[in-house]
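Protein chains: 2
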Amino acid sequence: MKKRVTIQDLAKELNTTPSTISRALKNHPAISKSMKKKVVDLAKERNYQINALAAGLRIGKSKTIGVIVPRINRDFFSNVIAGVEDMAFENGYNVVICQTHDKVAKERQHLNTLISSGVSGILVSVGLETNNFDHFDEVKRLGIPLIFFDRVAEQSDVNKIQNNDKAGAYKAVVHLIDNGYKRIAHFAGPDYLNVYKDRKEGYLDALRDYNIEIEEELIIESDLKVESGRVSMKQLIELPNPPDAVFSASDYSALGALLYLDEMGIDVPNQIGVVGYSNENFTALISPSLTSVNQHGMEIGRYAAKVFFEEINDQQKSLIPRTIVLDPELIIRASSVRK
Amino acid sequence: MKKRVTIQDLAKELNTTPSTISRALKNHPAISKSMKKKVVDLAKERNYQINALAAGLRIGKSKTIGVIVPRINRDFFSNVIAGVEDMAFENGYNVVICQTHDKVAKERQHLNTLISSGVSGILVSVGLETNNFDHFDEVKRLGIPLIFFDRVAEQSDVNKIQNNDKAGAYKAVVHLIDNGYKRIAHFAGPDYLNVYKDRKEGYLDALRDYNIEIEEELIIESDLKVESGRVSMKQLIELPNPPDAVFSASDYSALGALLYLDEMGIDVPNQIGVVGYSNENFTALISPSLTSVNQHGMEIGRYAAKVFFEEINDQQKSLIPRTIVLDPELIIRASSVRK
DNA sequence: CAAAAAAAAACAAACGATTGCATAAAAATA
DNA sequence: TATTTTTATGCAATCGTTTGTTTTTTTTTG
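Quick mapping for you: the protein sequence lines, in order, are chains A and B. For what it's worth, our numbering labels the leading residue of the first sequence as 1, then goes sequentially. For what it's worth, our numbering labels the leading residue of the second sequence as 1001, then goes sequentially.
Read the hints as simulated data drawn from the structure, not as lab findings. Hints are supplied without guarantee of correctness; some may be wrong.
[As the list claims (entries may be wrong)] Dumping the calculated PhoX-like pairs for lysine-lysine here, alpha-carbon to alpha-carbon at most 20 Å:
id, chain 1, residue 1, chain 2, residue 2
1, B, LYS1061, A, LYS2
2, B, LYS1063, A, LYS61
3, B, LYS1061, B, LYS1044
4, B, LYS1026, A, LYS44
Small disclaimer: the values here were computed from a predicted structure and weren't measured.
I would like the entire structure built from these sequences, with the hints used as guidance.
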């Protein structure tokens, strides 16, 4: 059990000073080629690892990006994280992943820890519970770049990377109409979350544009979990005049619908068409496979990281907060195309 | 944009010294009750956040546990992480999550970063590619507690938290036998990973114990992805004498098998029974639902963290490396019970 | 070849929290 | 009241890097 080798160990061994070692390792112009080579070689030989705590303390922050998401086991979020990791790696930064399980308290806690550990920036998708954004004030006050993605804060003076959920929903519903479905129901999420509000609006817009009557009884709000999808589907097919398609704001509730329809022996897509949202992995794996809306998680992550790097590279701090909106893509599968 | 408040700011304001502030905040016995109250109150008022970099540098490490997993979007791993997070939080530690995407290079990189950032311990499940464990030597040399879980290193002198994969596989196969299946195939993973080797052995043991002949042509090794499951299943049913059941070492390849069988119009479970492994979320959601083996990810995470805390609390460093083995549980669903 | 200019390396002071040791203040004892 | 003991606080060094400034060495130039 040996102590870790430091910059001073290397300095001693080469009869020079820590400052020279430090600069040599950073390829500083004031260091001669020959010295650089000696230093780099020795560092490799001794397996030198920079002490990030010391470096971070000195320069006031660490080369780290904090990412806060509701849960890491959703395909969308894990794709976002992968995107952030890519960009971070390219720029020599590390990523700290935090999950809140949709709890505000956890969100607060992670935020404090990230501040405390001197992250250079914070990317966050807020939890279902979060409807107050005071805890983000401290981050902004300290001048730490803050970027929201997907589920964003209702504040104007922050950077946001969003999906055009309205457009995604619109595409999905138009696709159903194009495939001959006439009465299209909607599984909606809580209205106070931007993503669900927008998806519902996209649905309504599509119906209006195609002169289809909007029927309130075909719009069911829930928590969009599998079980809710099942319950909602049951409710729908027991109507005197049931719908012939469902556009669900979540793949999970769409799955619930599929399971219920299967149990009832109702044929999907021929009797009822179903479209989900988020393009979770399982949508391609089930039978019938589920048409869904791909939100390009990876891209969102890359954009969020990109905005972060732009922020820190801007010396004048003159950047005004931006909102970037990405267009989602409809992935057509078996559940919505009549045979 | 204000500077963050430090311990010296607080000291100045209370006409005392940083050392007193530091001790007061840590509830050190040498500080008077009155002083503690003043300090704690002011710290709260000024929203003081400890500078983890400075503290970490001073004491030589940070109150952080690093967790390295192949991927965070697997239910098993995200459960493990949740378990670790629980225990860490209870003990005032933070968790840094790293994913390798099964690449050794990433494993190395994360390991270096964790060392560099002074984590107090490292919990790791190695990637599919990893068959050499040299990169962990440095961790041990530095005396950083290292705990392997699930996919563990073939070294004897490290802590390990494992599933009894052999027992899990045995249970699964016996369950198939009990349900009247006679010729049971196996989708195996690479032999150099302990988990897959053990699952195969459990399979073989069960066949032996029940006097069922082992047929090499019924054992197919692959990367256990969905597509491989499909291909392997095709291969099996094209045999002159195809099997009537499959025990897959992964839920994903089991799913591939189910999809192929569905396409072929072969009835599961009546014609062919299928059992998977890991109890991924989707196993309960597909039709027919997939019998699988639950590995208690949460518990594994908690145990791994527990072993870590025991390590750091042991002053004499007298602890000998331990191996903890948990018994997995068979979750019986539709895919393996004839109607 | 001496003086000036350029290049390379050394010096030293941070960054903020922690902690062993010294000291001051308060309390207890003689 | 003087002295010892206890309790509370202050002092100062330290962790390993970074970086502005100074010094030394080398190179260039008249």
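**Asked** Going straight from one Cα to the other, do B/LYS1061 and A/LYS2 come out at no more than 20 Å?
**Response** holds (15 Å)
**Request:** Take a quick look at whether B/LYS1063 and A/LYS61 sit within 20 Å of each other, Cα to Cα.
**Result:** Distance ~17 Å between B/LYS1063 and A/LYS61 Cα, so the pair holds.
**Request:** Decide if the proposed pair is consistent with the structure: B/LYS1026 and A/LYS44, CA atoms, cutoff 20 Å inclusive.
**Result:** violated (39 Å)
**Asked** Are the Cα positions of B/LYS1061 and B/LYS1044 separated by 20 Å at most?
**Response** With a Cα-Cα distance of about 25 Å, the restraint between B/LYS1061 and B/LYS1044 is violated, given a limit of 20 Å.
Hint compliance for this structure: hints 3 and 4 are not met, and every other hint is.
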